[in-house]
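Novice: My request is simple: use the sequences and hints to build the entire structure.
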Amino acid sequence: DAMVIQNPRYQVTQFGKPVTLSCSQTLNHNVMYWYQQKSSQAPKLLFHYYDKDFNNEADTPDNFQSRRPNTSFCFLDIRSPGLGDAAMYLCATSRGGQGVSQPQHFGDGTRLSIL
Amino acid sequence: GEDVEQSLFLSVREGDSSVINCTYTDSSSTYLYWYKQEPGAGLQLLTYIFSNMDMKQDQRLTVLLNKKDKHLSLRIADTQTGDSAIYFCAELPYGQNFVFGPGTRLSVLP
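For the record, the sequence lines run as chains A and B. Those letters in the first sequence? Residues 1 to 115, per this note's numbering, in order. Those letters in the second sequence? Residues 1001 to 1110, per this note's numbering, in order.
Keep in mind that the hints were calculated from the coordinates and are not lab data. Quantities reported herein were computed from a predicted structural model and do not represent experimental measurements. Just so you know, even glycine gets a beta-carbon here, dropped at the ideal spot from N, CA and C. Take the hints with a grain of salt, since some may be wrong.
For lysine to any residue, the following SDA-like pairs were computed, each having C-alpha atoms within a straight-line distance of at most 20 angstroms [as the list claims (entries may be wrong)]:
hint: 1; chain 1: A; residue 1: K38; chain 2: B; residue 2: F1009
hint: 2; chain 1: B; residue 1: K1056; chain 2: A; residue 2: Q102
hint: 3; chain 1: B; residue 1: K1068; chain 2: A; residue 2: Q36
hint: 4; chain 1: A; residue 1: K44; chain 2: B; residue 2: N1097
hint: 5; chain 1: B; residue 1: K1036; chain 2: A; residue 2: I114
hint: 6; chain 1: A; residue 1: K44; chain 2: B; residue 2: G1095
hint: 7; chain 1: A; residue 1: K38; chain 2: B; residue 2: V1099
hint: 8; chain 1: A; residue 1: K44; chain 2: B; residue 2: T1023
hint: 9; chain 1: B; residue 1: K1056; chain 2: A; residue 2: P103
hint: 10; chain 1: A; residue 1: K44; chain 2: B; residue 2: Q1096
hint: 11; chain 1: A; residue 1: K44; chain 2: B; residue 2: S1007
hint: 12; chain 1: A; residue 1: K44; chain 2: B; residue 2: Y1094
hint: 13; chain 1: A; residue 1: K44; chain 2: B; residue 2: P1093
hint: 14; chain 1: A; residue 1: K44; chain 2: B; residue 2: Q1044
hint: 15; chain 1: B; residue 1: K1070; chain 2: A; residue 2: Q37
hint: 16; chain 1: A; residue 1: K44; chain 2: B; residue 2: K1068
hint: 17; chain 1: A; residue 1: K38; chain 2: B; residue 2: L1008
hint: 18; chain 1: A; residue 1: K52; chain 2: B; residue 2: N1097
hint: 19; chain 1: A; residue 1: K44; chain 2: B; residue 2: D1003
hint: 20; chain 1: A; residue 1: K38; chain 2: B; residue 2: A1077
hint: 21; chain 1: B; residue 1: K1067; chain 2: A; residue 2: S40
hint: 22; chain 1: B; residue 1: K1036; chain 2: A; residue 2: R9
hint: 23; chain 1: A; residue 1: K38; chain 2: B; residue 2: P1102
hint: 24; chain 1: B; residue 1: K1036; chain 2: A; residue 2: K52
hint: 25; chain 1: B; residue 1: K1068; chain 2: B; residue 2: Y1031
hint: 26; chain 1: A; residue 1: K52; chain 2: B; residue 2: K1056
hint: 27; chain 1: B; residue 1: K1036; chain 2: A; residue 2: I5
Here are some chain B residues pointing at chain A (derived, C-beta under 8 angstroms) [to be verified]:
hint: 28; residue: Y1033
hint: 29; residue: G1042
hint: 30; residue: L1043
hint: 31; residue: G1101
hint: 32; residue: P1102
Specialist: Given below as structure tokens:
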């Protein structure tokens, strides 16, 4: 089945130690998104790629960066994680882009813990 | 700005119907979506409705849309324990990204 896969499911890192979360998709969607979700809250969009074009949300901290080496893969890099960055990180994909009302398909997320 | 509102909690008895309500603000949204999130998992697309429709039925799920009042509801017939989850309503305003509601936590009691 075509899907969105996030690895690892659980990630533990130390305060200030860089960490990378990965997402891959077999849907061949041209848009990929990264969301942060804290407990009992709605997902908060961090940034997205429309093809190779990177779109950062205005309130995404500089600590968060992303790479998309090809259509299938997208990475979330947290340069110096703080305790407040502990959350579930969700990757999603969709076909098209802004103004195109295609649903987003989500992976199962990576739960990040900071020690 | 855009805002999507939902009640935060709903409890129903197994076998009863559940109705989860949502209000949204942007009339340019072409589609409106319902997502389900089980504990520790991502968001699963349940169903969506085109804005020129007023009802969509898919097995146990019925979506009702009142475009005039910008009100969306999700009815789950014969609610089961496996339906316990958080349900997110989302709109996609034209030219923008998804706007999610805060989620409604559905608890199904035996």
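Novice: CA of A:K38 to CA of B:A1077, is that 20 angstroms or under?
Specialist: 30 angstroms, violated
Novice: With a cut-off of 8 angstroms on the beta carbons, see whether B:P1102 makes it to chain A.
Specialist: At about 5 angstroms, which falls below the 8 angstroms cut-off, the nearest Cβ of chain A leaves the hint on B:P1102 intact, so it holds.
Novice: Going straight from one Cα to the other, do B:K1056 and A:Q102 come out at no more than 20 angstroms?
Specialist: 17 angstroms, holds
Novice: For the hint on B:G1042, just tell me whether its beta-carbon gets within less than 8 angstroms of chain A.
Specialist: OK, holds: B:G1042 within 8 angstroms of chain A, min 4 angstroms.
Novice: Are the Cα atoms of A:K44 and B:S1007 separated by 20 angstroms or less?
Specialist: 19 angstroms, holds
Novice: So if I understand the rule, the pair passes when the alpha-carbon distance is 20 angstroms or less; does A:K52 with B:K1056 pass?
Specialist: Given pair A:K52, B:K1056 is violated - Cα atoms ~36 angstroms apart, limit 20 angstroms.
Novice: Taking only the CA atoms, is the gap from B:K1068 to B:Y1031 under or equal to 20 angstroms?
Specialist: 15 angstroms, holds
Novice: Is it true that the CA of A:K38 sits at most 20 angstroms from the CA of B:P1102?
Specialist: 11 angstroms, holds
Novice: Hint check: A:K44 vs B:K1068, CA-CA at most 20 angstroms. Holds or violated?
Specialist: 28 angstroms, violated
Novice: Hinted pair, alpha-carbon criterion (20 angstroms max): A:K44, B:Y1094. Please report holds or violated.
Specialist: 18 angstroms, holds
Novice: Against the 20 angstroms threshold, does the CA-CA distance of B:K1067 and A:S40 hold or violate the hint?
Specialist: Since the Cα atoms of B:K1067 and A:S40 sit roughly 28 angstroms apart, the hinted pair is violated (cutoff 20 angstroms).
Novice: Would the hint linking B:K1036 and A:I5 be met if the CA-CA limit is 20 angstroms?
Specialist: 18 angstroms, holds
In terms of the numbered hints stated before, the structure departs from hints 3, 5, 15, 16, 20, 21, 24 and 26, listed from lowest to highest.
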